[in-house]
Amino acid sequence: MAGERLTWHIVGFLKPYRWVMAGAVVVTMLLTVLAMLPPLLMRAVIDRVVGAGDRASFWPLALCMVAVPVLAAVCSLLQSLGLAYAGWRFLMDVRVGLYQHLLGLSMRFFGKHSTGMLVNRLMGDSSTVGNMLSQQSLTVISDVICSGFAVAATFAINWRMALILVAVVVLFAGNWKLNIGQLRRVGRSYWQSFDRLSGGIQNRLSANLAVKTFGAEQREQRVFEGQSATALELLSNANTTSNTFWMNTSLIQNLGRSVIFFLGCALVLRGDMTYGDVVAFTAYAMQLLWPAIRFSEMARQIQDFRVAIERISEILAEQPEIAAKPGALPVGRLKGGVRFENVHFHYEPGRPVIRGFDLEVAPGETVALIGPTGCGKSTILTLLMRFYDTSSGEIRLDGLPVQDLELDSLRRQFGIVLQDPLLFNVSIADNLRYARPGATRADLEAAARVAEIHDFIMSLPDGYDTVIGSEGIQLSTGQKQRITIARAVAADPAILIMDEATSALDSESEHAIQLAMQRVLKGRTAFIVAHRLSTIRNADRIIVLKGGVISEMGRHEELMALPDGHYRMLYDRFMSKGVIEEDPA
Amino acid sequence: MRPHYRNYPFRPPRRQHDAQAGALALFGRFLRVYVWPHRRAVALCATLVCLEACSVYVLAWLTQVVVDDVLVVSPPPTAAYSSARAAVATVRVAGRQPAESGPPRLRDAPAGRERPAIGLGRRIDQGWSHTPRPAGAAGILLAIFLAYTGTIAGINLLMRFAARVRIRTGQAITGHLREDIHRKIMLLSLSYHNTHTAGRLLSRVLWDVNAVQDQMLNTLINYISQVVMVLVGVVILFAVDWRLACLALAVMPFYVLVFKKGRPAILESGHEMSQSNSCLYGLVSQKLDAVRAVQAYGRQPHERLAFHRISAVYLRDCLWQARTSAWMNRLGEMLSALGTNGAVFLTGTWLVLDGQLTLGQMLFAQGAAASLFGPVLQISFLNVTLTNLLVSLRRLADILDEPLEIDDRPNAVPFPAPVRHGLSLRHLSFRFPGSGEPVLHDINLDVPAGGWLCVMGASGTGKTTLLHLLARLHEPEAGEILVDGVPLSNIRLESLRHHLALVPQEARIFSGSVRDNICYGSPDASPAQIMAAARAAEFHDFILTLKVQYETLLGEKGISLSGGQKQRLSLARALLTDPELLLLDDCTSALDAETEGKIQETLARIMAGKTAVIVSQRISMARRCHRIAVLQDGTVAEYGTPAELLARGGFYARLHAQQTE
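Taken in sequence, the protein lines are chains C and B. Take the position in the first sequence, starting the count at 1, then add 268; the result is the number in the working numbering. Take the position in the second sequence, starting the count at 1, then add 1139; the result is the number in the working numbering.
Where hints are given, some of them may not hold.
Covered stretches of chain C, as calculated for chain B (at least 3 residues, CB under 8 Å) [to be verified]:
{"#": "1", "segment": "364-372"}
{"#": "2", "segment": "438-452"}
{"#": "3", "segment": "491-503"}
{"#": "4", "segment": "509-516"}
{"#": "5", "segment": "655-663"}
If you're looking for bench data, these hints aren't it; they were derived computationally from the structure. Backbone N, C-alpha and C fix where the C-beta goes; we use that ideal spot for every residue, glycine too.
Sequences are here, hints too, so could you generate the full structure?
Here it is, written out as structure tokens:
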């Protein structure tokens, strides 16, 4: 089964640490045996030294009683150190592997999965798996050895008493079986109500402006109090249930111990046992009962572990759609000639987005794409950057099919500016440098000047070293857009892609940026998507897309000359309203 | 164990806080406000837990009675003892014979029944019946068994009850604290919310509150019981035998010292770990959010390296902590084992052999000594537990103590509805806390009642801030806003917000149905009113295309809306409240021209006679307004009727030219 194989794939991350793990297993066994000795020693002291007055045995026994804890401490130290080493390193390996895998996955994958969920898998689930495989697995081993030894020892001391002990273990199992269903149910209903509570707060906090302007604070407080009370009531339920369970457990344990102890004493009175036997027996009984108690805790952890490993496997099973072809060409800077040959594309089968797109763009040309929302403007550009592969047809860069180019070197040809500015919480300089880490401060400043943001950056307290997202620094959407424009310019790309890059700017600043961009655009190919006509009028070629095909193409004047042209219609409307975007609905 | 600093430069440093300052006052305050009302329940819990702690000693004492008075396990009388001793001496002299073989005389000496070999194949020593067992030994044993079992069952019952009380009390305290924090967060001003992310506030309301409640109650109850347990244990030890007591207490300081030595490193590494961990979370969520940019610039190898570096820091801290805690715990375990099993047990045995102590007393002392180690450790780390608690407490106190920037004045008046004279802004200035440049500077504007003012200007000139000031979401730094001559800050907040409606640029929706969302501002609107508002916002037709129309769920579990749809919803929401004063913040920017035109016409119809301040980039909207103000660098650069501004040839005229040509 594929799932099984993937589980083994994760276990495979343990391979470098197999010797450490093997050592830990050996030490654990040793440790378990050592832990079994003190009751025997105590029995010997009570029976032999005190009971029989055998003073000669006292000193060797005393030596053993001192030596055993010391030896146990050494073994235990070795075990902890080995486990910590293997466990944490394993966790790091899994995380780095998973992160690398995630970064290579396609946009389609990220569209389907929220960031929060992915972060939880990367950080939370991996540590569950790491913890289970390193720490808990040894607990299981040691528990199994421990109970095996304890069972053998108790049967050897007195088999009838041992049967009573078995009965106590059965009682434990019964208690667990009886309560576990209820425990799960109340736990689940609590977490559901907790999710509702936290979802509610999140919603209220993010829509804080609306809450305030409608004066709904009191109302929201009442809603919150209701939700909070429900969640707390359910939490109380869950706590009470688990408390009952633990109280039952401790009652069974204590009563079991007292029955065993006093029966043992009765046997001593009858002369069938010594008191030392009773002490040892009781100690072993405890050693058998603890794993039995731990088992219930363990069962839950194993459940968690299985869920976590499944969720990680799911991500690892996700294949990067854009697979690197063996023998792909690494290329240096290209000239920027682009050619689309009969490109077809669909996100979902049966709903084509691009239907036979043909276009040849010479190096240095500026091409503008316009058309209604959903006509495939942005899709064409993502295909060009190979975020997706075409369904059929070919895209060539300087005559080379994009599939044949090494992905990283292909992507380095582009400088992109998207509608929602994606900036990182590092300094502005680092943001600008993101695409080209080697850029000098002068390069960055030049780029910032093109994007008309240099003066603003200089007005900040730390200038280019101001960290974005720190307190007191609030960038407007327009300012963020300008920083992303500067970032794309600083990348010094062969092809510049601007997808609604200036939508949040006022016409005035947009105009200024356009003038500056003309200098930058020299010698570069550029694709511009916009819904304001003023943005695209100076393009070398304007392409009107409709339903995934080119409906009109040409310079502004040429398109305006078409009597019933779509462009002309849009332009006329723009002149009266200021926008040309059509609502698809 | 030294920390590893090599990779720390790749991670922002951890800020150090002065943990102790004002700690006592803080504890006192939270105890007074949240725990004191439940003092009876807490006292009850503490008493019951103390009882439970002491029951351990009762049980141990019962065991002692069994051993000494029922089973009568004791060494042979002195005569046998001295002869045995002589025998041991001979054995020693004779050469190292194994101790088990023992002197043969001892085996044969007592008179007793011969028993078969059982157990581990070892012949059972019959014990020395030099002291006869009491006559009704079995009966006494049964009685003690009943007492023992009864104590266990009784304590178990009491503990169930105590747990219930504790759970209820904890629930009440959490509820109380959570409600206070949430209320405060709801009341805090917009600028507070802008600088504190939702995620951070959320974790305050949920996790810090839980931590405070758990730790505060547990610390309180457990510490009382532990102190009682230690005191009783020490008394018992001394009562049994002062030498054993001294021995046990002599080990204790070393035991505590081991943990005291290790603890700072554990704490330090713990802080470093959580810092690295939150860095990792931050890094990962940010990069996965912007994975498009990462891939577009082909920076995966770099990102992997960055992740690897911080992971390595995290790993080293983890290993550091694991090493330290392994050493500390093992040493501690060894010491406590040596102390109880070694020192107390062996010395006790020797004393028993000498006849100074009975076996039962020795076992009792050993049990008491063993149960001292845990509580002593806990008590000696009271300050650490409190420091952890203090972190959460301080975060909560920060929120509770945050001054309410915007609140009702003592003699606030209701909003003067309907507005007769209009709005006037006098010398209005504003800057965001913590930033140098003022956003708005000396703004003077008048909006007559029923008039529409259009605010235009480049991005970042403070248009949105102006609207937020009008809605009193921020408090101006200087100057004032007057409604019919009444300063805005003198109007009751609830009344003000009831009479105005602000439609923000970025519309937010609540999880819930479309209908719930539209009637958010006026929860008791009739369906007809809701539909009328949706029609006015050109949203009705779209809603009708949905499967269950107005009952369609939005948000997390429902459908998601496009930017334009959200804007229309938010406009409908505002129109439904039938506001006296309408504030529109470029709320049609994501709409197509045709819809926008229709909305503008509807607005002109239904808002006729109402006062409005409208931020817009569109000439078509500006033309409908009575006055236009153009903002530039936080001041009013142009002001007048559309015709006047067109004639003046400034920003507005340029915009006009660009958009109409």
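Here is how each hint holds up against the structure:
no., hint, in the structure
1, 364-372, "holds (count 6)"
2, 438-452, "violated (count 0)"
3, 491-503, "holds (count 7)"
4, 509-516, "holds (count 3)"
5, 655-663, "violated (count 1)"
Of the hints listed earlier, those the structure fails to meet are numbers 2, 5, in rising order.
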